[in-house]
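Asks: Next come the chains, spelled out residue by residue.
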Amino acid sequence: VSLSVPVPLERTADADLELARRHLAGDETAFEEVYRRHSELVYNLCRRLAPSAADALDLAQDVFLRIHRHLGRFAGRSTLKTWIYRVAVNQCRSRLGRRLPPTEPLEDRLGRGDRWPAPGPDPEQDAARAEQGRRLEEALARVPMRFRAAVVLRDVEGLSYEEIAGILGVPSGTVRSRIARGREALRIALGESA
Amino acid sequence: MSVHLAVDWLSAHVDGALGPADRRRADAHLAECAECRTRLEGLRVVAAALGDLPREATPRALDLVVAPRRPLRLGRPAAGPRRPPALAATPLLVPFAGIVAITVILLALAALRLPGWPAGDSAPSAPRKLDLRAMPPDGGAPTLAWWRVDGRLFGRTGSLWREVEGPAKPPRPASPAERRAILAARPELAALRSTATWEVVWKGERLRLELAASAAAPEAQEER
Chain A
4 VSLSVPVPLE
14 RTADADLELA
24 RRHLAGDETA
34 FEEVYRRHSE
44 LVYNLCRRLA
54 PSAADALDLA
64 QDVFLRIHRH
74 LGRFAGRSTL
84 KTWIYRVAVN
94 QCRSRLGRRL
104 PPTEPLEDRL
114 GRGDRWPAPG
124 PDPEQDAARA
134 EQGRRLEEAL
144 ARVPMRFRAA
154 VVLRDVEGLS
164 YEEIAGILGV
174 PSGTVRSRIA
184 RGREALRIAL
194 GESA
Chain B
234 MSVHLAVDWL
244 SAHVDGALGP
254 ADRRRADAHL
264 AECAECRTRL
274 EGLRVVAAAL
284 GDLPREATPR
294 ALDLVVAPRR
304 PLRLGRPAAG
314 PRRPPALAAT
324 PLLVPFAGIV
334 AITVILLALA
344 ALRLPGWPAG
354 DSAPSAPRKL
364 DLRAMPPDGG
374 APTLAWWRVD
384 GRLFGRTGSL
394 WREVEGPAKP
404 PRPASPAERR
414 AILAARPELA
424 ALRSTATWEV
434 VWKGERLRLE
444 LAASAAAPEA
454 QEER
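Residue numbers (my numbering), protein chains in the order written: chain A, 4 to 197; chain B, 234 to 457.
Honestly, the hints are just simulated from the structure, not real lab data.
Only pairs whose alpha carbons sit at most 25 angstroms apart, straight line, appear in this in silico SDA-like list of lysine to any residue:
1) A/Lys84 to B/Glu289
2) A/Lys84 to B/Asp285
3) A/Lys84 to B/Leu286
4) A/Lys84 to A/Arg69
5) A/Lys84 to B/Gly284
6) A/Lys84 to B/Ala294
7) A/Lys84 to B/Asp248
8) A/Lys84 to B/Pro287
9) A/Lys84 to B/Ala281
Partner residues are not named here, just some residues of chain B that face chain A (Cβ under 10 angstroms, in silico):
10) Val240
11) Asp241
12) Val247
13) Asp248
14) Arg272
15) Gly275
16) Ala280
17) Leu283
18) Pro287
19) Thr291
Idealized CB from N, CA, C, for every residue including glycine.
Modelling step: build the complete structure from the supplied sequences, incorporating the hints.
Replies: Put into structure tokens, the structure is as follows:
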């Protein structure tokens, strides 16, 4: 049976496996292709999970080193993109997870973070948005890594609960809970800094 | 109202991830509870603000280190970006293109903290940082791309990264005799005339090598 509509090769799981096979066989262009396709994704994910651009650069280097070392073991049980997300998140967790300052339990602070401004047709909205972005990045860096990873994958990367569950290796219900706690921590932090 | 919706429910509501029955119950509560409506709106604003964070282009420094096909070699002219045909056909512009290419490479190396080996007696305190140094393994062609992760050193031969060492030990300073022998064997290092301290592998051992002219002083004393 042949497909009447050609499927772009680069979007198929077969293409991902072929990349891994070529890499394993010593074809250096396979890793180049992986880097070309995914470097921006990896760097931006690291940028949102790491506290600074310098840390993100270090992490992205480490991620691509691990990808280079382990690409040959990619078995196609997920898409290569999901696999790369997993490598990146695991690397960020192992590097940054222990570095975070201790945080106050959320339960102690619920209900006290209602000062985060709602969007409105303010003439100074552009400047305010830039300032919000800066405060958001600062607040994000203080969210515990397990919540931060979930909320970044959901709200920055736009992944589904199921995709995030596959990347983090936890059930969808846990993903839902972590996203909620990450967002709530941000809402409270931003409300308090407003 | 004393009982409020759990934050899990509110967050799932933002994502449209509640089942139909739960959604009806949540909406019924929200219609009556201003506090939960405020929290829901706050979560919605946070999610939208995260989605609005700008995406950044891959930094040039990452391209330079990770992307193959950009080998930097010591002692040889670095391969600059391919010139467009119009530029290649204009002989007067060729020297300027070379100057621009060299400037770009020097700026990139500066951005990558080269020379990376600090003058001192100990190994870098943060070994996972990017290190660039001249350390040809196994007598191979000298390359300028090295990557240290978890104390393990990886180098690029051609465009292939491979592990060249296990856990790092601090290199010992090269003796004057070793310094002479290394510079004789690897003139490209001497040509650098750098004030930096470099790490080399010499007869299977990692050594710190001072390239600065002042480093030759003990050598002269020894010869006397």
